[in-house]
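Kindly generate the complete structure, drawing on both the sequences and the hints.
Chains as they are written, first to last, in my numbering: chain C, 1 to 320; chain U, 1001 to 1509; chain L, 2001 to 2154.
Listed next, with one range per pair, are the computed distances between beta-carbon atoms:
#1 C:ILE65 <-> L:HIS2116: 46 to 52 Å
#2 U:PRO1350 <-> C:ALA148: 42 to 48 Å
#3 U:GLY1469 <-> C:GLU301: 53 to 59 Å
#4 L:TYR2137 <-> U:HIS1192: 29 to 35 Å
#5 U:PRO1350 <-> C:ILE65: 22 to 28 Å
Derived by calculation from the structure, the hints in this document are not laboratory data. What you are looking at is a predicted structure, and each value in this text was computed from that prediction instead of being measured. Where a beta carbon is used, it is the ideal one built from N, C-alpha and C, also for glycine.
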Amino acid sequence: MKQILAAAAMATFALAGAGLAEEAYPERPIMMMVSYGAGGATDFQARIVTMTAGNEDALGMPIAIINKPGAGGRVGWNWFATQAEADGYTLGAYNIPHFIAQSIEGGVQYGAASFEPIANWGADPAVFVVAADSPFNSMADVVDHAKANPGKLTFSGAGLFVGHHIAALQLEKAAGVKLAYIPNNKGGAGAMKAVIAGEVLGGVNNLSDAFRAREAGNVKILGVFDLERSDFLPDVPTLKEQGFEIDNASVNFRGVMVPKGTPQPIIDKLAEVVPSMFENARVQGKMKAGGSPMHVMTRAEVLDMWAAREKTLKDLLAGL
Amino acid sequence: MEFLAYFGDVFAPVNFGLLLIGTIGGLILGATPGLSPTMAVALLIPFTFRLEPAQGLILLGAAYTSTVAGGAVSAILLKIPGAPANIATTLDGHTMAQKGEGARALQLSFLASAVGGVFGVLLLIFLTPVLAQWALAFGPSHLFWLAILGVTVIGSLDSSSVVKGLLSGCIGLWLATIGFDDIMGAQRFIFHSSLSGGINVIPALIGLFAIPQVISMFAKGRRRLDAEVLSVARHPIGAAVREVFGRLRALSIGTITGSIIGLIPGVGGQIAGLVAYDQAKKLSPERAKFGTGHSEGVIAAESANNAMVGPSLVPLLTLSIPGSPTAAVLLGGLLIHGIFPGSDLFDNYPDVAWTFINAMLVGQILMCLFGLYVAGLAAKVAQVPNNVMAAVVLGLAVFGSYSVQNSMGDVNVMMALGTGMYFLERFGFSAAPLVLGLILGPIAEANFIQGSMIANATSSVGAYFFTGGLNLVLIGIVIASIAYSVWMELRSRRVVTKDDAVAKAEAAL
Amino acid sequence: MRTLPRTQHILASGLVAGVGLAVAYLSYTQEPRDAFLFPRLISTVFVVLALWTFGKAVLGRTKVGNGLTGAELIRILPGLIVALVLVYGSAKALGFYTATTGAFFILISLYDPAPHGALRSWVRRLIVTAGFWAVMYGLFAVLLNVFTPREIFF
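Set out below in structure tokens:
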């Protein structure tokens, strides 16, 4: 009898404790896992958008970034899906379409259902670049060359099943040509070097990196893989304007998520506070200075976006 | 002359303080037998997390420079090379110390180190920007061959047996493939969950260099460190300065040999010292005096092993190919801060790159100044008993490898690799080629895959990898280094290698 | 004495050759094919070199490597066991600082040439251990702010 009473008392305390814990959340610093190396675009932006987390009007506790890079993000997301504690003190950064495309391709222990999105902070579209001395001056030139030499037009990108690869697949499909996509293991920077050095004839790359390389006079930017032109590159037409049926499926969306199983009150609290953190003027100023386009979306919007993206990617990758 | 603009940064209080700490600490660590430069730098990496990139690199660079020079102290006074790079120094340096000329030997070695070191860093300063532009000419096929070259050169030249050296390189290359592959994302050889993220280079380096050292200290049992510290008589510094510059032939042979050897990826300091010693001996009219406490021997060996430091960073800073295990550790220190070295390093991060290089230049001079005055003291500090040393290194290895990624898996991998390496070393396999394989493996593989994809789209794989001047030159060096070592092994008149020299030094104890 | 290293060399190189064959087998059978292209290349070289070394060991023509004598093994084992227990067991179970400091004390006591009967030397060992703990805690917890596993103790 005594034991049962004790157990009951303990259970009550535990329940009350859990309730209290959620009320007081967060009471210690929070960790955010980034599945790319320090200094990469995702890491750089994650550090900026979380820098105000310690403010009283935000979470009141700082967010520390932990990098778990490797295999295009798979190492980090595998860890996040299987080993991260769902207690609200472990957040993760997501990259769409990367992790959804990887889960469709298989061989990983996560999918869109393994995570709960909190909010989206950025959207970095892919662009098509060629070296500054290249004979190509528009996407039409590129496609004509590819039609004349099927399978021989080499172009670089940051890996397989990442935004750049999706953009490449979309281009192949929309133009009806066969191209030679060369994934690079050093991310966007390595892929850009391959273009500048003339190892490949062209490349798909991040808008922000391409913008800087064009300022340095190293590349020409021929098209943007998005629905609208970018504020950073108002003179560069979208692929759609150039007559290719390509939407924004390759745009690299970045945001914050938690593992499935995190208590609902904590998810709600984060979903309410985190977007306001992204709207902070200091954050916005620093992101703009770094050439990183912002695109704030709430939890509900992100849930819709994930579902839509999963459907598009399944169709696109089915042919592979 | 761009580097001059960043000289002021070296003397900023924090930077200069770190430079001093790195230099003095490096001298002591270097003088400690059993702490090699690579190990010292690897164990220091966790301490650079909290620093700015430039500051962290200053600390690592200063430690690298002065551990190599500090190793001369125990080589001369204890006849135990503090680092593999100082093996050649024991040959004449210790004999000098036995004759009561310890102070002269130390002064000569530090002055020669400084001359060689400054020359090496100047070479780095003037060569790097030129080569950085040229680096764009290195496409996937060239980088693939360069990575293979790094593994085969060290595998064939640096171990007593060519076959075992190359085999160690293969083991390293295989270890590098564990985990997800970088391009396809497929899982490979993951037979334990600690390996699911692949083998992280920094914990692996700590394990491969530190743990075998710890275990060999265990193997000595409850023995006192009874190597006798030779007393140091006073010797005027002016005379040492005159003597170093009076031995211009030995000095220039050492400096130039060291610089050239440093440029080749994969070749370490011990080879620089030994080759320079050999050459200086061959070209000296006083050939017979070598080995009997002749100053030319010390000057050639020490100027060479420090001249190697600067140029050994050239392949790292231009092609992002780390040419030596220590350079690989420095690469780890850069990557932690998100800096990818390569042709655009000097455009994107001139402040980091130049401050680092300038600090190495100033560090050479500080190293010489402190070396001259604290050398005797350093030898005393370095007399840490074996049992304490082993336990301290083990503790640092555990904490250091954990703090890289806050991962227990890394610590497990570190210990497993280290224990395995100890036993492999007992059977004639050496750590250096294995480490280079581990470091250069991903570079070789990625460039191999990219190269084959480009080749399949444009021409044939054979034509892409086996034609073109640069490819043929690199393949030629690979074949030449293997052929040379095989030939020397067949004639069994190989130059003294690290293992032999260490064995001899141990036998003499 | 000559036969001991030879048997050991056969064992060691046999083990390496075994690993090489396993790697090669996996490389040639696992899918996807493209991801195992490079492992195939290196494992082929690996196997050739490993079999060569094994052959030389069987013929007794190994020139380098001294193997391990029984006496050395006996000296190594206690320390190695302490190190392995630290890394694979106690560090996680007891907490990093407690386990490492404990291992440190055991190791310096095991391998200390100073007499083990005298109180003085035990006091010295304890002081050195306390110093080690203070330095490690200062470096990693205070300076670097590394969050190490703190289980039963810390």
